[in-house]
Amino acid sequence: DQQVKQNSPSLSVQEGRISILNCDYTNSMFDYFLWYKKYPAEGPTFLISISSIKDKNEDGRFTVFLNKSAKHLSLHIVPSQPGDSAVYFCAASKYGNKLVFGAGTILRVKS
Amino acid sequence: NAGVTQTPKFRILKIGQSMTLQCTQDMNHNYMYWYRQDPGMGLKLIYYSVGAGITDKGEVPNGYNVSRSTTEDFPLRLELAAPSQTSVYFCASSYTDRGGPQHFGDGTRLSIL
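Chains as they are written, first to last, in the working numbering: chain A, 1 to 111; chain B, 112 to 224.
Just chain A, same shape as in the assembly:
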């Protein structure tokens, strides 16, 4: 029962262009969503989050959009940089901090 799905295993983007990573969820009780970034041989690092009372949150080059009716969130990276090449995990939780993770999307930013 995959409650959080990242349907694109990988994404390749040219440097300077926009990267859009997508995530779908099935549990309507989820009310807090996060994106983590992971480099090889390192642990995931927190990138950005959004509460279900919002539909958008920005932090520099990173913006997360939440569409509750579609149970869909996306991460936009503008402009994309080679250092953004990593695995991106979407995660969700309902009350309490037990996160449910998606399988991840590998982003490759080509220079």
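One or more hints might be untrue.
Unchecked claim - Here are the simulated DSSO-like cross-link-like pairs (lysine-lysine), alpha carbons at most 27 Å apart as the crow flies:
{"#": "1", "chain 1": "A", "residue 1": "5", "chain 2": "A", "residue 2": "94"}
{"#": "2", "chain 1": "A", "residue 1": "5", "chain 2": "A", "residue 2": "56"}
{"#": "3", "chain 1": "A", "residue 1": "94", "chain 2": "B", "residue 2": "168"}
{"#": "4", "chain 1": "A", "residue 1": "94", "chain 2": "A", "residue 2": "71"}
{"#": "5", "chain 1": "B", "residue 1": "120", "chain 2": "B", "residue 2": "155"}
{"#": "6", "chain 1": "A", "residue 1": "68", "chain 2": "A", "residue 2": "5"}
{"#": "7", "chain 1": "B", "residue 1": "155", "chain 2": "B", "residue 2": "125"}
{"#": "8", "chain 1": "B", "residue 1": "120", "chain 2": "A", "residue 2": "98"}
{"#": "9", "chain 1": "A", "residue 1": "98", "chain 2": "A", "residue 2": "68"}
{"#": "10", "chain 1": "B", "residue 1": "168", "chain 2": "B", "residue 2": "120"}
{"#": "11", "chain 1": "A", "residue 1": "68", "chain 2": "B", "residue 2": "155"}
{"#": "12", "chain 1": "A", "residue 1": "71", "chain 2": "A", "residue 2": "37"}
{"#": "13", "chain 1": "A", "residue 1": "71", "chain 2": "B", "residue 2": "155"}
{"#": "14", "chain 1": "B", "residue 1": "168", "chain 2": "A", "residue 2": "5"}
{"#": "15", "chain 1": "A", "residue 1": "5", "chain 2": "A", "residue 2": "54"}
{"#": "16", "chain 1": "A", "residue 1": "5", "chain 2": "A", "residue 2": "71"}
{"#": "17", "chain 1": "A", "residue 1": "56", "chain 2": "A", "residue 2": "98"}
{"#": "18", "chain 1": "A", "residue 1": "37", "chain 2": "B", "residue 2": "120"}
{"#": "19", "chain 1": "A", "residue 1": "37", "chain 2": "B", "residue 2": "168"}
{"#": "20", "chain 1": "A", "residue 1": "54", "chain 2": "A", "residue 2": "71"}
{"#": "21", "chain 1": "A", "residue 1": "54", "chain 2": "A", "residue 2": "98"}
{"#": "22", "chain 1": "A", "residue 1": "37", "chain 2": "A", "residue 2": "68"}
{"#": "23", "chain 1": "A", "residue 1": "37", "chain 2": "A", "residue 2": "94"}
{"#": "24", "chain 1": "A", "residue 1": "94", "chain 2": "B", "residue 2": "155"}
{"#": "25", "chain 1": "A", "residue 1": "54", "chain 2": "A", "residue 2": "68"}
{"#": "26", "chain 1": "A", "residue 1": "71", "chain 2": "A", "residue 2": "98"}
{"#": "27", "chain 1": "A", "residue 1": "37", "chain 2": "B", "residue 2": "155"}
{"#": "28", "chain 1": "B", "residue 1": "168", "chain 2": "A", "residue 2": "98"}
{"#": "29", "chain 1": "B", "residue 1": "155", "chain 2": "A", "residue 2": "5"}
{"#": "30", "chain 1": "A", "residue 1": "56", "chain 2": "A", "residue 2": "94"}
{"#": "31", "chain 1": "A", "residue 1": "54", "chain 2": "A", "residue 2": "37"}
{"#": "32", "chain 1": "A", "residue 1": "94", "chain 2": "A", "residue 2": "68"}
{"#": "33", "chain 1": "B", "residue 1": "155", "chain 2": "A", "residue 2": "98"}
{"#": "34", "chain 1": "A", "residue 1": "54", "chain 2": "A", "residue 2": "94"}
{"#": "35", "chain 1": "A", "residue 1": "5", "chain 2": "A", "residue 2": "37"}
{"#": "36", "chain 1": "A", "residue 1": "110", "chain 2": "A", "residue 2": "5"}
What the hints assert, rightly or not - Rough simulated footprint, nothing fancy, chain B against chain A, three-plus residues with beta-carbon under 8 Å:
{"#": "37", "segment": "41-54"}
{"#": "38", "segment": "99-110"}
These aren't lab readings, by the way, just hints derived from the structure by calculation.
Owing to the predicted nature of the structure, the values given are computational and were not obtained by experimental measurement.
Backbone N, C-alpha and C fix where the C-beta goes; we use that ideal spot for every residue, glycine too.
Got chain A; can you put chain B on it based on the hints?
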């Protein structure tokens, strides 16, 4: 700024052996977690703790045990290693149980042969 520290980074075990994965954090976080990540999969919660002396099962607890005697340390014990436990294990901690991100260690890559 150590954050969450996991040891060892790599380990090979034989079937039936036991070992303890160590995790310590220096951020005075009450909440700590153990996850495993299998290839092509997301992180799955094994056990978590909401404070010293309090632990609870996550999604995949079978074959593992934990203890939390101090705020800083949250070791994960494998008693009888099985090939299905070959995975990368991540420990994490957080300040709050509501709306705050978890901070992860760099993981322990464990192979059971």
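We went through each hint and held it up to the structure:
| no. | hint | result |
| --- | --- | --- |
| 1 | 5(A) - 94(A) | 16 Å, holds |
| 2 | 5(A) - 56(A) | 20 Å, holds |
| 3 | 94(A) - 168(B) | 17 Å, holds |
| 4 | 94(A) - 71(A) | 14 Å, holds |
| 5 | 120(B) - 155(B) | 19 Å, holds |
| 6 | 68(A) - 5(A) | 15 Å, holds |
| 7 | 155(B) - 125(B) | 23 Å, holds |
| 8 | 120(B) - 98(A) | 24 Å, holds |
| 9 | 98(A) - 68(A) | 20 Å, holds |
| 10 | 168(B) - 120(B) | 24 Å, holds |
| 11 | 68(A) - 155(B) | 24 Å, holds |
| 12 | 71(A) - 37(A) | 21 Å, holds |
| 13 | 71(A) - 155(B) | 21 Å, holds |
| 14 | 168(B) - 5(A) | 23 Å, holds |
| 15 | 5(A) - 54(A) | 21 Å, holds |
| 16 | 5(A) - 71(A) | 11 Å, holds |
| 17 | 56(A) - 98(A) | 22 Å, holds |
| 18 | 37(A) - 120(B) | 20 Å, holds |
| 19 | 37(A) - 168(B) | 26 Å, holds |
| 20 | 54(A) - 71(A) | 13 Å, holds |
| 21 | 54(A) - 98(A) | 20 Å, holds |
| 22 | 37(A) - 68(A) | 23 Å, holds |
| 23 | 37(A) - 94(A) | 21 Å, holds |
| 24 | 94(A) - 155(B) | 16 Å, holds |
| 25 | 54(A) - 68(A) | 9 Å, holds |
| 26 | 71(A) - 98(A) | 19 Å, holds |
| 27 | 37(A) - 155(B) | 16 Å, holds |
| 28 | 168(B) - 98(A) | 11 Å, holds |
| 29 | 155(B) - 5(A) | 13 Å, holds |
| 30 | 56(A) - 94(A) | 18 Å, holds |
| 31 | 54(A) - 37(A) | 22 Å, holds |
| 32 | 94(A) - 68(A) | 14 Å, holds |
| 33 | 155(B) - 98(A) | 10 Å, holds |
| 34 | 54(A) - 94(A) | 15 Å, holds |
| 35 | 5(A) - 37(A) | 16 Å, holds |
| 36 | 110(A) - 5(A) | 25 Å, holds |
| 37 | 41-54 | holds (count 8) |
| 38 | 99-110 | holds (count 6) |
In this structure, none of the earlier numbered hints is contradicted; all agree with it.
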